[in-house]
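Peer 1: Protein sequences, first through last, are from chains V and H.
Numbering follows our numbering, in which position 90 of the first sequence is assigned residue number 90; successive positions increment by one, without gaps.
Numbering follows our numbering, in which position 229 of the second sequence is assigned residue number 229; successive positions increment by one, without gaps.
Think of the hints as simulated: they come from the structure by calculation, not from any bench.
Note that the Cβ used here is the ideal one computed from N, Cα and C, for glycine as well.
Among the clues, some could well be false.
No farther apart than 27 Å at their CA atoms in a straight line, the calculated lysine-lysine pairs in the DSSO-like style are these [stated by the list, open to error]:
(1) Lys263/H / Lys297/V
(2) Lys134/V / Lys206/V
(3) Lys181/V / Lys29/H
(4) Lys166/H / Lys236/V
(5) Lys236/V / Lys29/H
(6) Lys10/H / Lys427/V
(7) Lys166/H / Lys10/H
Selected chain H positions facing chain V (in silico; Cβ < 7 Å) [claimed, not checked]:
(8) Lys43
(9) Lys70
(10) Cys88
(11) Phe262
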Amino acid sequence: MAATNPEKKKARKVVKPRVEMPLQPAEERVHNFSEVATGYTHEMALEEASRCLQCKKPKCVQGCPVEVPIKDFITAFLKEGVEAAYRVIKSTNSLPAVCGRVCPQETQCEGSCLLGLKAQPVAIGRLERYIADKYMALSACEELTGKPECRLIDPDLKVACIGSGPSSLTAAGYLAARGIKVTLFEALHELGGVLIYGIPEFRLPKSIVRREIEALRELHVDLLPNYVIGKTVEVKELFEQGYKAAFIGVGAGLPRFLGIPGESLIGVFSANEYLTRVNLGRAYDFPNFDTPIFPGKHVAVFGGGNVAMDSARTALRLGAESVRIVYRRTREEMPARHEEVEHAHEEGVIFECLYGPIEFLGDERGFLRGMNLQKMCLGEPDASGRCAPVCVEGETCTMECDLAVVAVGTGPNRVLLEATPELNLSKRGYIVTNPDTGETSIPNVYAGGDIVTGAATVISAMGAGRRAAKEIAKRLLGKADVI
Amino acid sequence: MLNTILKKEKLIPGMTSKLVIDAPLIAAKAKPGNFVILRVCDKGERIPLTIADVDAAAGTISIVYLVLGKTTAHLETLGEGDAIHDLCGPLGKATEIHKIGTVICVGGGTGIAAMHHIAKGHHLAGNHVVAIIGARNKDLLLFYKELSAFCPEVLVTTDDGSFGRKGLVTETLVDRLKSDPSVAEVVAVGPVPMMQAVANATKPFNVKTTVSLNSIMVDGVGMCGACRVSIGGKVKFACVDGPEFDGHEVDFGELRARLTAFKPQEAISYEEFKKSHGCN
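The shape of chain H in the complex, shown without the other chains (with noise of 0.2 Å):
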């Protein structure tokens, strides 16, 4: 049945599912970079998801979250057999994917699940994949596995060291730069501060940098502007001109400015869910 979950994995119990849906039109079409958005309950609010996998044949679409606010908590309650109340999609442009030589494609947290995709299709078009992927710790480090499948080098990297590199992802990001100055392309997909970080660590390199913005949407089909964000200093919409543009363009202090936006009325609905688990 339409938007059916059909399997669903706890990636970090608690925080991170990952969900594969039923939802044969949106996988038809899916490419890597494109999102959905979703509902939860006749109640809810619109959310985007960027697609972290998509099998066409299957007819399925995946997505990962990150328990945050009172719609991922509403979907964490969800298992297989339940049906997503509202999905849409697949929205914005997709990835830009071009055969270029090699590529590093850096993802952080529930992050790497959306650079995943983005890894695979840069990976199928025949090019070099570095993945260069952190966490706070080895228990939170998503798609490992996954990339390694198809990636010749997985760089890892952990706040506490407990699983490859103690540090940054910018760290060893800045180190494969300067060994290897055939990067044609850098990605990153992951929180605010990390692909700020990305984008300032690879301007002395001269190198592409793609980041993907996670800004607030409400219609996600270009009708409200809600998601605008300054990209070398001109208005863009996340949801119809990106979600992905150029990491060096990017006025990333005014994004990290317009997601605390809601702050106070997410924390509201956050603890009335907690109170009720459901759909009021």
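One chain only, chain V, in its complex shape (with noise of 0.2 Å):
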């Protein structure tokens, strides 16, 4: 007889679970802001790495915007060690130790991992940050490029890099290190953008996001804090200074508030406000610290996206005895990664799913006091291919509240754009550009990240401007095969 099928034994093995993350205890955690997850030892990353299946096609490079070669970078964990895999995940992810943390790997890699069809995917996420943390670079341009050596900058060759969020940062670390002069303009007084002022020292510690603007600095780019390009200096004089080429990364920083009554009411936030209030403004170390938040007892907070989660955790983290996510759908269509929904659980957070905003309540001081809420249920799926809500016709309820944060959505940063009025803009409002170069309707002047695609992630965004950094190199050094 014909010898048994390899492939169909292997099939049959008993797949080894997922090697947990380690977490700080959530009784814990909601009474401090250090990092939520306490990172994987080498014993449990090995572990982890060897439940890789080593597909001939794999499908989680696939599943990753910026096609980072997993297999290739576990592999080489596996056999050569860290500094290895550090390298082969830097030949296409600039950022690795902040994608590890923020990506929502489960629509991504992780997503299309086949261990997923059976069990659980391999942790790839936890992985790319273990590597990525335990690796010591030995120079901004190790760090950079993977390279032990970059090359000199020319002073003539200076390219504008406008925001300091994750499209900008890659664009910026990819010219530099191939010998490009940068200058990075800022216009808040703490470089990272979204990173610094978004996403909440839990999630991302700001010494990681430090670490990557330290290694900018090393590779002599100019960081330039407190300049908003359009009102300190527009676009088109930076190529009166000699700038060849500008990156626009601005961002999706406008929020949106929900267009109710009382919304103006002392208590009502919006997330960027508040977060920025806590993350940009150290405002959970106050009076250390200057900048204020409002403390709140009873805080409800819409939306049901990451920077929801961030909001609700942080308020929990502020001392609040209650914190309510309002949601107008329910948990499984929530856009936050299911990580941050279950850690936000864990901690605490009370999922109020099915419920929709009507009007703020205040009292006669103008601070809120309350909401009234309607009831929800779920109807055919809308454009977004989720099921739209659908009002539950005499069914409102009323909720106490002394502050609420309005977490559901953002639009574009307007001030760029309205001192730009050349750039060709979308229906939406964000910048048009070339989808293979993230050109912009002006010559020379690029676009990318949440400023060209509306709110979306960090990894998309370091595509953005790692393919715009690409093509303004290949024209400034004049070569076709800039990698």
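Hints in hand, dock the two standalone chains.
Peer 2: What follows is the structure, given as structure tokens:
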């Protein structure tokens, strides 16, 4: 008889369970702003990496917006160790320590992992994080390129990167590592964009972002905070100053409100204001830091994305007695990373699903004291593919709250766009670019990240930054083979 | 050096100073109506201050502040040669200035300094600028000399009558409007109750009235909505849509309430500062 098919035998093998991520216990972490997930040990990482099936045609790589060679980095890690694995990751991903923490892996690489069909997928994000954290860069060049030496900077080859979030950081790093002089312009007083003002310390420690910024500084990137392009200097003036190209990565930071009565009551915050006060202003350490935040006893957060989870979990850490996420659909439809929803739930955030806001209620001094809510149910799928929330006629209720955070999305940042009318914008108000190069309607002005796509992920912004930087480098250095 | 205080003038000792700051990039762009956001130290809060004057040739801007809380008290400890930790601008939309005839510029308290820059803009555009300025008493009156340098009329009111007419700026304003139907616009900068009173006073005369709103801000570039104000029933952001709006459309009650949002925290911060006298 024919020999047993080895493939079949393999398939019958019991798949080892995924190595759990060590976490700060929920009851402990709600009292601090330290990182929730404390990271794999070396043994854990090795064990998890050994679960990879080493598929001939790895689907995970296709699932990654920047096509990190996942199979290769796992092999490199198992056979050669952290350093080799780091180099493989860095070949396409400039911010692995960030992405390992904030990417929605379940809809990207891990969502495509074959193991996921029968068991849990390989914890690719956790491995990426472990390798990035563990690797101690020898130099900025090494950190950014995985190569020991970077070319000298030509001071006349100047490129302006506007904004300092993930797309701009990626573009700046790519260009600087190839000998191009980069200036990074940031409107706020601290660099990092949404990684600094938006994502809380407990999910993405600021030290990780600072490490990336420091690496850019070592590569002679000029870092200019407090610099608003469109106000302090306009885009066209950059070219007069000798910049050969500009990359616009100013993000989508314009907060959307609900547009319901009472929204200007004291205690109603946009998620951007709430998180910016706490993250950029370090309001959690008030009065040691000056920026204040409204304490809040009973907190309501509107929205179901990562920003809503971040706001709710921030409120718990600031000492709120109760924190409710009010969402018009159910937990299944929430766009947040599963892990964030899970962590929020463990920490005691209450999910009030299938409720929509009708009105904010205030006291005579203009302070928020409650909400009127509308009961919803799920109807037919809408344009987003998710079931649309439908009002249940006549079913409303009142909820007590003295702090509300509106986290229902953002629009394009307006300052640069209003000052640069030559930029072609889409109907939704975002910058239109050539999808292959990232170039805008103004020659040599590129754009990428949320200001092109609308609010999306860190990794897709990085992908856009890299794509544009590649094109810029190609044109400036006159080579078609710039990698 | 960038952001260095080149000159400090104590206008009202312990309360109000004028700083002339080396900020060539901001000075090159700043127009009447613009403001800056500054932080005094690494742990400091971002606060907006209206630009009171600009010397583009010298590369300087002037700001005038009233010591109200921690950040302004800390600012007051800085002297010539010290640098402002973070300074960002010019922000906000510039004042709409056209040659329109007679413009009355009303200023109250520290707002007189901010109004000064707008009045100067109207003057340079060829308008006949009437300044009406008010304070509690003579010693607290700002920018009388500066305004007198280019305004053909500077009308002063004080609460106690120690200088100019005894009473409120609105009384002088109403008299002026009654006697001169040619007034094309009234601009008011000052405490919210004053701006509200001015808007109420000009309404019967159906004269365009512009006010500069001082709402609480965080980023100052349109990303947080802390500064949102209701203008004709619509939500606007003072930082990017303003800070100047049609005074007849502003919901002043809401603005007054929203300015009190952090009063308890502001008091704590100020008390802490009085103990430490610096960046914690």
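Peer 1: If a hint holds in the structure, say so; if it doesn't, say that too.
Peer 2: Each hint tested on the structure:
1. Lys263/H / Lys297/V: Distance ~17 Å between Lys263/H and Lys297/V Cα, so the pair holds.
2. Lys134/V / Lys206/V: holds, 17 Å
3. Lys181/V / Lys29/H: Distance of about 26 Å is within 27 Å: holds.
4. Lys166/H / Lys236/V: Roughly 52 Å between the alpha carbons, so the hint for Lys166/H and Lys236/V is violated.
5. Lys236/V / Lys29/H: holds, 14 Å
6. Lys10/H / Lys427/V: violated, 52 Å
7. Lys166/H / Lys10/H: holds, 25 Å
8. Lys43: holds, 5 Å
9. Lys70: holds, 6 Å
10. Cys88: Cβ of Cys88/H sits 4 Å from chain V, so the hint holds.
11. Phe262: holds, 5 Å
Checked against the numbered hints given earlier, this structure breaks hints 4 and 6; the rest are met.
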